[in-house]
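Peer 1: Given chain A's structure and the hints, the job is docking chain B onto it.
Those protein sequences? They're chains A and B, same order as listed.
The first sequence begins at 29 in my numbering and counts up one residue at a time.
The second sequence begins at 29 in my numbering and counts up one residue at a time.
Hints should not be assumed to be uniformly reliable.
The list cannot tell twin chains apart, which means a pair is met if one copy fits it or any two copies do.
The list that follows gives simulated cross-link-like pairs (lysine to any residue, SDA-like), each with its CA atoms no further than 25 Å apart [unchecked claim]:
1) K113 to Q54
2) K275 to G169
3) K136 to A124
4) K113 to A127
5) K80 to A93
6) K136 to A296
7) K113 to S131
Calculated directly from the structure, the hints in this document are not laboratory data.
Protein chains: 2
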Amino acid sequence: MNSETRKRTVFYISDRTGITAETLGQSLMTQFDIDFEQVTLPFVDSVERAEKVVEQINRLAVSGAPRPIVFSTVVQDDVREYLRKSSAAFFDFFDAFIAPLESELAVKSSHAIGQAHGVGNRQNYDVRIDAINYALSHDDGATTRHYDRADIIIIGVSRTGKTPVSLYLALQYGIFAANYPLTEDDIMESGLPRLLQPFRQKLYGLSIAADRLRAIRNERRPNSRYASIQQCQLEVLRAEGLFGQNKIPFLNSTSKSIEEIASTIIHAFGLRRRVH
Amino acid sequence: MNSETRKRTVFYISDRTGITAETLGQSLMTQFDIDFEQVTLPFVDSVERAEKVVEQINRLAVSGAPRPIVFSTVVQDDVREYLRKSSAAFFDFFDAFIAPLESELAVKSSHAIGQAHGVGNRQNYDVRIDAINYALSHDDGATTRHYDRADIIIIGVSRTGKTPVSLYLALQYGIFAANYPLTEDDIMESGLPRLLQPFRQKLYGLSIAADRLRAIRNERRPNSRYASIQQCQLEVLRAEGLFGQNKIPFLNSTSKSIEEIASTIIHAFGLRRRVH
Chain A
29 MNSETRKRTV FYISDRTGIT AETLGQSLMT QFDIDFEQVT LPFVDSVERA EKVVEQINRL
89 AVSGAPRPIV FSTVVQDDVR EYLRKSSAAF FDFFDAFIAP LESELAVKSS HAIGQAHGVG
149 NRQNYDVRID AINYALSHDD GATTRHYDRA DIIIIGVSRT GKTPVSLYLA LQYGIFAANY
209 PLTEDDIMES GLPRLLQPFR QKLYGLSIAA DRLRAIRNER RPNSRYASIQ QCQLEVLRAE
269 GLFGQNKIPF LNSTSKSIEE IASTIIHAFG LRRRVH
Chain B
29 MNSETRKRTV FYISDRTGIT AETLGQSLMT QFDIDFEQVT LPFVDSVERA EKVVEQINRL
89 AVSGAPRPIV FSTVVQDDVR EYLRKSSAAF FDFFDAFIAP LESELAVKSS HAIGQAHGVG
149 NRQNYDVRID AINYALSHDD GATTRHYDRA DIIIIGVSRT GKTPVSLYLA LQYGIFAANY
209 PLTEDDIMES GLPRLLQPFR QKLYGLSIAA DRLRAIRNER RPNSRYASIQ QCQLEVLRAE
269 GLFGQNKIPF LNSTSKSIEE IASTIIHAFG LRRRVH
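Excised from the complex, chain A in its bound form:
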């Protein structure tokens, strides 16, 4: 196989989880319209491990594949120096920013393995667990008992993405997110469901394009009334009417990722993350 037909391999290398390296590298690579393979190598926290990594990269480089690319967030100087010897194109996050930051802050950096996504100080861990437990016990209207403790209550008809967004807010931000499904009864009445009324300030609506909703529902209950386009159109229309009449902010989730929806909600309510 000649190198033209082989995909380039992108390595994300980190002395911890690799999440930062992946995030950065993927964000950059999406700027280029090329196919590539991705390999994450976490916990490269010693020169011995770096040696193995460099061997792995160099094997690929001599096999006729296009020159590999490395995105590194390795903080330890000796490990980083070793990695730099590979034959890959080496993009080092630490090198690019830490020196100018040291100069701006007039403080030396610790050059210690990053704490991001790390040792999860116990408080962070506890906050996330509490938020996840809250999201799970308040998922899909399971209970409305502790809505006073909610940071936000996501409402919408069935299958608009309430559950994943609630869990994401809990896991990533430590935010207490309940979610409540608008039933057919709810949306055919004129006002806001009674049990939501005391919490109007916490409500955020999710809507979705009717044809997309139809497709999602059809996966679950093929050819049901629930999944019919008429039903989906009606529910979406009524739900958006409800949001409008009650001045409940909402967004259309159709072409949005979970991250985008979560980020939009946080921004709309001025919520602060509890997890750092």
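Peer 2: Leaving out everything else, chain B in the frame of chain A:
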């Protein structure tokens, strides 16, 4: 108040969700032993919004606070150029890497707003939803029916962190993670629980320090036998014995973040992410 006593403000600015900018900035700032305020400004995707942002930054700068710091992942050239005019120290992720990457890849980048965390191509979205639904329906041993579909089955005694890790694997990686709680009966018997035996290759154990387990359980059921140090020690000891006898890989989650546990499991099993 003089500037010595005021915290520095760090802005994460993005034309999308701000997640990459936050990840980048936080990872760098953890290298410095200083306190700072954090402000995330997502969806800065027009010059008009950039103007508002620059006003916000400059107001802070003239108020006597230490010079603000900006971490930007803004891709659009005109927006980025505008942001650069603020009086903050400006660290631009795009500038730092995109030109050398263009040269390495011999391709021009699109300079289009990033797709990372973005438009969630539909396939990604569907994979994540399926994985979340799987994790929820196979949480805490709720059902073991579809263990054949699991990528991984996390086992451990009550309160070792199985649920958050399973959900994290689903949300971030699209991995199908079931979890099964080892009951007292399970760990007092000599072998692996019968229903787990066919899936031995998929099992991963979570353990935890007994005193930490005691503290967590005590939050839930204060002064119970369940939360007693004797019970916690016994369960941890027996569970680790079970892992050892059955050659089930496991880790001690005591001082690990959810990200670290997830990343370790993925690495141990050579799993590949289904979400990009």
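Peer 1: When Cα atoms must be at most 25 Å apart, do K80 and A93 count as within-copy, between-copy, both, or neither?
Peer 2: within (19 Å within a copy, 47 Å between copies)
Peer 1: Indicate which option fits the pair K136, A296 if close means a Cα-Cα distance not exceeding 25 Å: within, between, both or neither.
Peer 2: Neither way: K136 and A296 sit 37 Å apart in one copy and 35 Å across, limit 25 Å.
Peer 1: Measure nothing new, just compare the shortest in-copy and cross-copy C-alpha distances for K275 and G169 to 25 Å and report within, between, both or neither.
Peer 2: within (21 Å within a copy, 41 Å between copies)
Peer 1: Please sort K113 with S131 into within, between, both or neither, judging by C-alpha distance up to 25 Å.
Peer 2: between (27 Å within a copy, 20 Å between copies)
Peer 1: Is it within a copy, between copies, both, or neither that the alpha carbon of K136 lies no farther than 25 Å from that of A124?
Peer 2: Both ways: K136 and A124 sit 15 Å apart in one copy and 21 Å across, limit 25 Å.
Peer 1: Which holds for K113 with Q54 at a C-alpha limit of 25 Å: within a copy, between copies, both or neither?
Peer 2: within (23 Å within a copy, 28 Å between copies)
Peer 1: Within a copy, between copies, both or neither: where do K113 and A127 come within 25 Å Cα-Cα?
Peer 2: both (21 Å within a copy, 22 Å between copies)
Violated hints amount to a single one, hint 6; each of the other numbered hints is respected by the structure.
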